[in-house]
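Assemble the whole structure, with the sequences as input and the hints as a guide.
2 protein chains.
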Amino acid sequence: MQNFAFHNPTKIVFGKGTVSQLGGLVAPFGKTVLLVYGSGSIKRTGLYDEVADQLRSVGAKVVELSGIEPNPRLTSVRRGIELCRAEGVDFVLAVGGGSVLDAAKAIAAGARYDGDVWDFFMHKAKIADALPMGSVLTLSATGSEMNGNAVISNWETKQKRSFGSIHTYPRFSVLDPTLTFSVPRDQTVNGVVDIMSHVFEQYFSLTTDVPLQERLCESILLTVIENAEKALEKPDDYAARANLMLCGTMALNGGLISVGMANDWASHGIEHEISAIYDIPHGAGLSIVFPNWMRYVYESRIDRFVQYAERVWGIERGGKSDEDMALAGINATRAFFTRIGAPATLSFYDIGEEHLDVMAREAVLFGPIGSFKKLNEKDVKEILTLAL
Amino acid sequence: MQNFAFHNPTKIVFGKGTVSQLGGLVAPFGKTVLLVYGSGSIKRTGLYDEVADQLRSVGAKVVELSGIEPNPRLTSVRRGIELCRAEGVDFVLAVGGGSVLDAAKAIAAGARYDGDVWDFFMHKAKIADALPMGSVLTLSATGSEMNGNAVISNWETKQKRSFGSIHTYPRFSVLDPTLTFSVPRDQTVNGVVDIMSHVFEQYFSLTTDVPLQERLCESILLTVIENAEKALEKPDDYAARANLMLCGTMALNGGLISVGMANDWASHGIEHEISAIYDIPHGAGLSIVFPNWMRYVYESRIDRFVQYAERVWGIERGGKSDEDMALAGINATRAFFTRIGAPATLSFYDIGEEHLDVMAREAVLFGPIGSFKKLNEKDVKEILTLAL
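As they're listed, the protein sequences go chains A and B. To get our numbering, take the position in the first sequence, counting from 1, and add 1. To get our numbering, take the position in the second sequence, counting from 1, and add 1.
In short, the hints are calculated from the structure, not lab data. Quick caveat: nothing in here was measured; it's all calculated off a predicted structure. Certain hints may be false.
Any copy, or any two copies together, can satisfy a pair, since identical chains are not distinguished.
Stated by the list, open to error - SDA-like, lysine to any residue: derived pairs with alpha carbons at most 25 Å apart: (1) 17 - 7; (2) 127 - 10; (3) 17 - 53; (4) 231 - 4; (5) 17 - 212; (6) 235 - 210; (7) 159 - 120; (8) 12 - 165.
Written out as structure tokens, the structure reads:
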């Protein structure tokens, strides 16, 4: 186990009907609230009215920023920052999925920074302060509700980049599983893949002597696998939706499940390059990339892949070699993704070889990526080629 | 799963040599520090000097309170509160095990309260504020390093009582596993039993549809069982000590592993009555109480005990009935405690029937205890009698 620091100050308020606590949660942070949301599905479901009532009940003045994109764009973030300055916003409230939360975090950080917010994503400046922000989550996927990370797309430069800061942890996140009942099938699937991928990025590690962390990772994977198809079959299955929501939050809650472990995150880096150019859903991109990443890297530490096959997929050793076990676990991952309807190849989105070189070059912009196996430009190109 | 709120603001700094970060961690909270510690073992190990150097390096004025007892006493807490007031203390730093941390929390809360600190333990007042406190942990056991709970003994009234508050979470806890290398064998054993008992209090629950939480609990139990004997055989086994330390913290970190679940805590209540009168180590008392509690209550929800036997102790179903499985799991628990040297009966401490009635009555002072099975005075007396 490596030395580590862990600090996650986000308060979670979880369960059916908890949006009714929103007013009291927002009130301590001031009077002027920037309400950030997406395409307007929250108006159809009635959530918008409920949130507005809560804010009104504590006398908040509401400034709105709607239309946050599924891969949230720098232009929206800049618009939000301008609103914060013009209206003297005290608090940023995100109502939506990970994209809306990420945009809200970038706005909160940018509003307290004199330079351009994109500096944070290009490692040109560090976040030293941010407006307080909070969230009402409507999608189980990114874990953004309990961490300080944000991923934003710069459509002009075709770059999709992330930051992480202690200053951009939500002060609170309201997690009501019933709000995810109306999430369409494909978004539910993408969320499941995203949650599992977050665990993979932490679980496939070269760090040894971390038996508790390994088991915490496996606990989430097993629970997601067990509940995903239940939620797909019966979208209003409260227990299944609640279990997925809790798994999504725990999978990336400031890195608790992998404290003291080297993380990888190469697959996320590769996926970001794909969706930076093609604007495909993040979870779908991960479904395409991850099994291919696994096939490319498993020899770095075959015992971890053997353990994965045994503990997560229940594959029995029998007379199988380590290699056979590892590959069986990888194949089981692919088969599960396919069974729930997640895509397997870039060609599913009509993506060919045209931009693979650009993606590979951009993926290693700040140097080789990953730690389970360090990947250079050539490695990334090979994984992308496997994914065609 | 039940609705829940979760908020754990404690920062954890974990690993070998992390005491070197102490000065920087304390500095933001002010200049006058109350240093709370126990019998003086930290002077023998050199930790005292290291802590003093760190505090000196940031120009802190140090006020000392030493001699905190293994079952920390109200008299010591009151002495600490007086010191805080007399010296204008800004920050309370606990250096030691759970007892020292608990005393420091009670001091921190009492120093910001006009009435008597014992009010908090007798449910006569709620903690509304506390001095900031932090810790350097020297023993893996109570989880006090990452929660807001404290247990204090009132030796005059023979009462051992607890409180919990968001205001008494440590602002930081420094967890260096090498500081536990010198923990004597019996204290290591008691710590192991304490950690496992904290998980039991959460795991044996009537709440259903909590598969992730169940697995998180099982993950800790499996990891403790796997590492306890390694640490006992080789007290300076870093990996084993680090794993136990992380398990201790995770087992009771504000209830993260059992969010949305009814907790029990009856066994702790019963043990507190024993050690309130006989001053035996808490972990030893739990080793005596818990298997007997299990035998008394398992029929409340036999499937949870069957799962416990299967997943934690690897007991194979074969042709066994639910009852046989449950009892096999309970027996495995007892056998493990005995194998590592934890006591099985009250008679080990020459405790007879003399005070069982008082203990049973005091245990239910505020009403029946437990939720897996609600226990009244008669039930407690029966469990204590089983433990003779």
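May I ask which of the numbered hints given earlier this structure violates, with the numbers listed in increasing order? none
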